[in-house]
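Based on these hints, arrange chains B and C on the given structure of chain A.
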Amino acid sequence: MGNGARSDSIVRGFALSSVFWLLVGLVLGLWLAAEMVYPSLNLAPWLAYGRLRVVHTNGLVYGFTIAGIFACSYYILEKLTRTPLAFPGLAKAQLWMFNIAIALAALSLFAGWNTSKEYAELEWPLDIVVVVLWVMFAVNVMGTLVKRREKQMYVSLWFLIACVVTVAVVYILNNLAIPVSLSKSYSAYAGVNDANVQWWFGHNAVASVFTFPILAMFYYFLPKSTGLPIYSHRLSIIAFWSLVFGYLWTGAHHLMLTPVPEWIQTVALAFSLFLIAPSWASVINGFYTMNGNWDQMKSNYLVKFFILGITFYGLQTIQGPTQAIRVLSAHLHYTEYIPGHVHMGTMGWVTMVITASMYFMMTKISGREIHSVKLANVHFWLILVGQLLFTVTLWIAGIVQGAMWKATNPDGSLAYTFLDSVAAMYPYWTVRLLGGLLYFAGIAVFAYNLYMTSRLKARAV
Amino acid sequence: MKIDSLYEKPVLFALAAVVVISVGTLVTTFIPLFLPSTQPVSPLFKPYTAVETEGRDIYIREGCNNCHTQTVRPLRAEVARYGDYSRAEESAWDRPFLWGSRRTGPDLARAGGKYPDAWHYRHTANPQAMFEKSNMPAYPWLAKAKLDTSLTARKVKTLGFGYDEAEVARQLADFRQTVAAPTYPSAQVRSQVTPAGLRGEITELDALVAYLQKLGRDLKAARKPAAGAATAGADGSKNPYTGNHDAEEEGEKIFKENCVSCHGENGAGGFGPKLATTAHKFGGSDADLFASVAGGRPGGMPAFLPQLGKERIWKAVAYIRHLEREGR
Amino acid sequence: MTPRALAYLFFTLLLAGVFAGIIAYYFNRKRRDRVEAPKYRMLDDDDPLPDSKGGRREG
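Residue numbers (the working numbering), protein chains in the order written: chain A, 13 to 473; chain B, 23 to 350; chain C, 62 to 120.
Bear in mind the hints are in silico, worked out from the structure with no lab data behind them.
All residues carry an ideal CB built from backbone N, CA and C; glycine is no exception.
Errors might be hidden in some of the hints.
Stated by the list, open to error - One-sided excerpt, in silico: chain C residues whose CB lies under 7 angstroms from chain A:
#, residue
1, G82
2, I84
3, Y87
4, F88
5, V96
6, E97
7, K100
8, Y101
9, M103
10, D106
Isolated chain A (complex conformation):
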């Protein structure tokens, strides 16, 4: 090991695993986008949209994002505590077990082992494996923190701790089920309660996978790659506690105007609007950090990933709460607007930050410069344009779709059949597929660039 960090190979392993599952998940995503336009592509039971969509979401949430979180967390953890990982052997076992688990998860979902609860589709045997993996992660995080040599914990570490505890609580409680066989179980909750628990989970899975750890990366890698301290550590304290407190109330905004008790919906709406404040505290922190040094947007290839990433986070956290408002929910919920919203967060915010963090870590681990700054720039522009084409198209599609569903004639009858609204979507779905292809091209460039950067190490030794 060249540079003294004991777990370089583990960080590298998780980073490359993450990129592998990213490529797999995106190929499936492209196939799904094509199925929307050409239904004849539903070639086999395991390729049919209903099953494939689940593999796509799980592959990217649990394969790509979680592996990215493991990689960045272990890296950040060692740096910020100035301590080697507490249990490197455990982390190595976790790396192998993780990849086997994701492969098995994908196979089981292809086979239709599916609980139907979104982002919690894995059946109970794999749920147990996920929990074991998470405990392994938590033991290393907490163990290293206890052993640390740096007295005060930096904001990234708080978000990491919040991620560890929140994922554990929401994942276990939402997946409680009564098994009837190895591949089949029934939820421990019935009807309205099941819906309420599921979206409490669903929303906080987003918080603790797509928000807390990504903010941890942002707060660490933006200062590290610019050499500028974060604008205000105090502001991040306020943002942290109000974000962590507020998120858990908002699940029912996914269930507006359903039979879920109205007071739960209203409370969820109120807290959703409140969350704009702590979310934007992080946005402000990011922007003000660059104050007086905006030239780095041009001179430093990494900065634009982080700044555009936090910008999309800011837009996402405005868009999300507005979608919770009842009149807007009535128009936009169940339409293409929602996948448009989700993909701005994942393709704009999460992937921008994770891929840039990986460039940074990989150059540090390999002790060399990035393979090609030019390719990193190509990667940036392709995923930016691809994502915007994808999301903006779907927002417009969703508004059109909602309007068609709602349009009535003067006598109160409906202006359009459901099929009319499907037929109107084809042009949008085609453009979305095109956006996805551009985005995938960008990620392919990234994967090549990162792999070449990590390979240089072998030559150097």
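Quick look at chains B and C alone, frame taken from chain A:
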């Protein structure tokens, strides 16, 4: 200062984080679990039969919930399109709930009884054959797979549906007899999609169709509208568009969008009766035809009044008159 | 006002109060140096780990 030392004690910090996330969790999800008003139970809404339970599990296995919702919101256009809005009591037996989050396809909460079984057999096996612009995947293999009932009794017991193993066996045998009988109203279409060797068995598609026919059925039974309410005012009335050529042309468009999938091209007949005839099943006067379209008829004719409105129904009736003339 | 509306109001004001309290606490001038220290310290965390064997220094 004590509070600041929180940032120096990771275990304490983790505990503090657990406390902070617990507040919202307790109030919005944990306490409601113990309030009977969150998930009220009503005897009007019955648990699923053995076959419906298996059908529901196929719906889950194939991920149908990724494109179809099962909750009608209390919004005017939504009630007009799908039917009565969803009640909490309807979900009392649902583990898991299947409300969904995206309508790539239409909501299914009121699908039960809307169309005859034959419609579902043909549509599920090949949606594009019925609706050219549909992007739903075709599921022909469901009719080619025998339903696995080895776990049915255990499933029903786990879900607490309140009937025993013998009842499960009886229900399965009854159902098999019903769908395999030549007198089964959808027998012809069923045997078109089901391979010969499985026509005497319960297939996965049989179970799925049984489940779809259950959706919203109990609510419809509980809120049976007063007879003829939907058609009030049409009795004895005459079609204002009789002989109006433009209206007939508009009626043709309406017919192609809403009626062709069941009544066939030019009203030649399909799952629904032939319309290019003067011998109509439910009466051939203007008022009768209007009532059939507006309020629906038993055996799978949906009510179109909320969707189409009076004007368009009269135009469709005008086109049906045109078909009658052509058919003669 | 109904009891429910009052409960909503009370709860909202309570949370707003706690929120304001946390801000006042952390933005108090006397805590500034202590609270802001980690953001500078994290910038030079690239020193080799104490137990590493002759690692190369990173820039």
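These are the hints, each one checked on the structure:
1. Interface hint status for G82(C): violated, as the beta-carbon distance to the closest one in chain A is roughly 11 angstroms, over 7 angstroms.
2. Annotation: interface hint on I84(C) holds; nearest CB of chain A at approximately 6 angstroms, less than 7 angstroms.
3. With 7 angstroms as the threshold, the beta carbon of Y87(C) comes within range of chain A, its nearest partner Cβ sitting at about 5 angstroms, so the hint holds.
4. For F88(C), the shortest C-beta to C-beta distance to chain A is roughly 6 angstroms, which falls under 7 angstroms, so the interface hint holds.
5. For the restraint placing V96(C) at the interface with chain A, the shortest Cβ-Cβ distance is roughly 5 angstroms, inside the 7 angstroms limit, so the hint holds.
6. At its closest, the beta carbon of E97(C) sits 5 angstroms from a beta carbon of chain A; the interface hint therefore holds under the 7 angstroms criterion.
7. Residue-level restraint check for K100(C) holds (minimum Cβ-Cβ distance to chain A is 4 angstroms; threshold 7 angstroms).
8. At its closest, the beta carbon of Y101(C) sits 5 angstroms from a beta carbon of chain A; the interface hint therefore holds under the 7 angstroms criterion.
9. About 5 angstroms separates the beta-carbon of M103(C) from the nearest beta-carbon of chain A, less than 7 angstroms, and the hint is met.
10. For D106(C), the suggested interface contact is upheld, since its CB lies about 4 angstroms from the closest CB of chain A, less than 7 angstroms.
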